[in-house]
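Q: Chain by chain, the residues:
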Amino acid sequence: MASNSAAPRISRRVGWGRRLSRWDIKISPYLYISPFFILFAIFGAFPLLFNVVVALHNWHRRAGMGDFVGLDNFTWVLRQPLFWRSLENTFSIFLWGGIPQLVLALLIAAVLDQNLRARTFWRMSVLVPFVVMPVATAMIFGQVFGQFGLLVPNLQDMGLLTHVSSPFFQERLLSHIAIGSMVVFRWTGYNALILLAAMQAVPRELYEASTIDGASRARQFFSVTIPSIRPTMIFVILTMTIGGLQIFDEARMFDGGGTGGGNGGADNQWTTMVLYLYNLAFGDWQDRLGQAAAVGWIFALIIAVFSLVNFLLTRSISSSKTKTTRASKTQRNAVIGRARSAAAESERKAREAGVATILGRPTTSAAGRAADADESKEGVHR
Amino acid sequence: MSTGFIENTAGRGAAVYAQKRAARGRPVRGHNPSSRRPGGVAYAVLTGVFVVSVFPLYASAMYGSSTTQENAQAVGTLPTWFPTLTLLDNFGEVLSASQFNFWMAFANSVLVAVSVSASTVFFSTLAGFSFAKLSFRGRQALYLTVIATLAIPAQIGTIPMFVMMNNFGWIDSLLALTIPVLVGAFGVFWMTQYLQSALPFELVEAARVDGASMFRTFWSIAMPAARPAAATLALFTFVGSWNSFFWPSVVMRSQLTMPLVIPQLRGAFTTDTGLVMSGVFLVAAPLLIVFIFAGKQLVSGVMAGAVKG
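For the record, the sequence lines run as chains A and B.
So for the first sequence, this note's numbering puts the first residue at 122; every next one is plus one.
So for the second sequence, this note's numbering puts the first residue at 148; every next one is plus one.
A hint or two may mislead.
Said to hold, decoys possible - Subject to a maximum C-alpha distance of 20 Å in a straight line, what follows is the list of computed SDA-like cross-link-like pairs (lysine to any residue):
(1) A:K147 / B:R286
(2) A:K147 / B:A288
(3) A:K147 / B:A354
(4) A:K147 / B:K443
(5) A:K147 / A:A166
(6) B:K443 / A:W137
(7) B:K443 / A:M245
(8) A:K147 / B:E352
(9) A:K147 / B:A359
(10) B:K443 / A:I159
(11) A:K147 / B:G358
(12) A:K147 / A:I163
Rather than coming from a laboratory, the hints here were simulated on the basis of the structure.
Put together the whole structure using the sequences plus the hints.
A: Set out below in structure tokens:
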């Protein structure tokens with residue numbers, strides 16, 4: 122650019138060093154981002170396309186590509202009862218792991234969002250499960266939920282369970298709850314910290330204003346905190362969805378894996394989608410890479426659709442309240458301003474009525490607050 | 148300001164605090180929710196969370212501290228509440244097991260996790276520097292592409308990736324665990340976001356004016372500025388790589404990484420809970436040590452990611 126404007130005046134000959142530096146400016150930006158794109162092309166984009174090829178053929182681990190079979194792999198997969206069972210299992214485990222996780226994370230974040238002593242310690246302690254290897258968690262939880270573990274014998278003593286062996290490895294629902302609890306264990310603290318960060322970004326004036334309006338702490342939580350952190354909640358729910366549907370580690374190691382296990386139970390009570398895919402391709406007596414690739418495609422579609430529905434749902438729920446968040450600054454100022462003038466007004470009235478001399482100042486301002494509470498409440502919660 | 152009002156607005160703890168201050172003749176400060184001192188309930192909840200957080204690892208150490216008989220007798224309870232010397236015996240047996248080579252798996256895991264973290268940080272910072280501070284044609288579109296790839300679930304490409312690894316001859320090789328994840332979309336996104344705000348354009352321009360090459364500018368100006376975010380990224384990549392189980396169990400056979408030791412434990416020690424659980428503890432413990440030193444940074448990393456993400 123510089124040399125262009127200089128060209129008419131100075132000779133066009135550009136030194137080798139300068140030419141090099143111009144190349145440096147032009148090429149370097151692309152050079153620096155190229156490692157990601159090259160790697161993504163080979164190990165991200167290409168496999169996605171190649172997956173189509175595999176899904177349309179018979180394919181085996183050692184023999185490689187076999188006959189072209191068209192969409193047979195897809196119809197085969199869709200006719201498998203186990204496919205549908207694993208789909209049900211995946212969603213059931215997702216819900217058992219997701220909903221308690223979200224509620225607990227919100228609760229813990231609200232508790233952490235206070236002026237705690239030893240704040241760093243508490244924040245670190247909620248993040249410990251995040252660094253515990255999921256397969257290790259699965260083994261330990263498997264032990265705890267086992268026949269002689271911490272739970273089952275005590276529940277039997279209380280007469281809540283009558284099974285001979287541990288029902289957590291028999292009953293479908295109970296196994297989902299057990300695996301869901303591992304998901305809750307691992308991710309609750311992590312999400313609590315994300316929500317905590319969002320909560321700390323909520324303008325403190327909103328709390329002050331709602332306090333003046335006489336909102337209880339619970340009311341503040343539901344009417345100020347939750348609407349203000351909605352974007353982050355959508356983010357948390359979305360990542361939770363994409364991650365939660367791909368659950369594998371916990372399901373595989375729940376019953377110890379390794380020795381003949383790891384298939385998701387004797388009746389596939391807790392076989393998840395990814396575990397199904399894994400067993401189809403790499404399981405002991407199976408070698409169906411083509412069918413597994415078809416599962417991969419169907420599963421990708423399900424995740425995409427489900428994420429989209431989830432996103433639209435969360436957004437539509439939030440959109441009625443998003444306005445509050447967006448207009449918060451002006452609205453906040455308006456509310457505070459109105460509250461102040463109303464307080465001054467009522468204080469003046471009260472003083473005129475002679476109440477101030479009888480009850481003293483604090484009560485007067487409290488009365489003023491109560492008087493304008495109805496008026497300004499409208500503004501905050503609209 | 149009455150303490151009753153403070154209790155209503157700033158919480159019970161603040162009221163007690165205000166009362167104490169008043170008793171000592173100090174001025175009582177106005178209320179502010181952000182300086183709310185919570186009461187005992189908050190600490191009770193957090194203590195509960197803490198106990199649950201550390202319980203699984205604690206339990207595995209307790210099971211591991213017990214012999215076969217002790218574990219068999221412990222029905223509906225932990226075999227012991229305090230670690231014993233049996234734990235060390237069990238560790239010894241796990242470390243010298245003939246069915247798998249624990250130290251080899253440990254070395255493999257360290258090698259993979261360290262090289263993946265180092266390369267992720269380097270290439271992410273490089274790309275982040277380019278996206279955040281250099282101007283070039285198509286920058287916006289390319290950056291959006293990076294973000295879009297974040298949404299692709301990784302496990303969809305499992306089968307074709309396995310076929311590719313097979314063709315490359317990388318089955319049972321650490322290359323299969325390293326090369327495909329040398330740099331990821333998240334890292335690029337993370338470093339771009341950080342450098343956009345942390346690195347002033349003036350610094351980059353000053354370096355250019357002083358005659359520094361692009362790479363020199365990156366190395367001497369952008370790299371140091373990116374250090375806090377780079378450390379966090381390295382930490383997260385390390386944890387992710389160390390704990391990853393699905394992909395290694397697809398491509399590895401005899402070569403093990405730490406998570407792959409866990410399925411071997413049942414095979415080696417069958418129903419000996421003490422040995423299996425001491426093995427589980429050994430596999431999970433290294434990251435706990437990392438966490439003790441770097442946990443604070445992990446916490447701030449999670450919280451920073453939330454604001455930007």
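Q: What are the numbers of the hints that this structure violates, sorted from low to high?
A: Violated: hints 4, 5, 6, 10 and 12.
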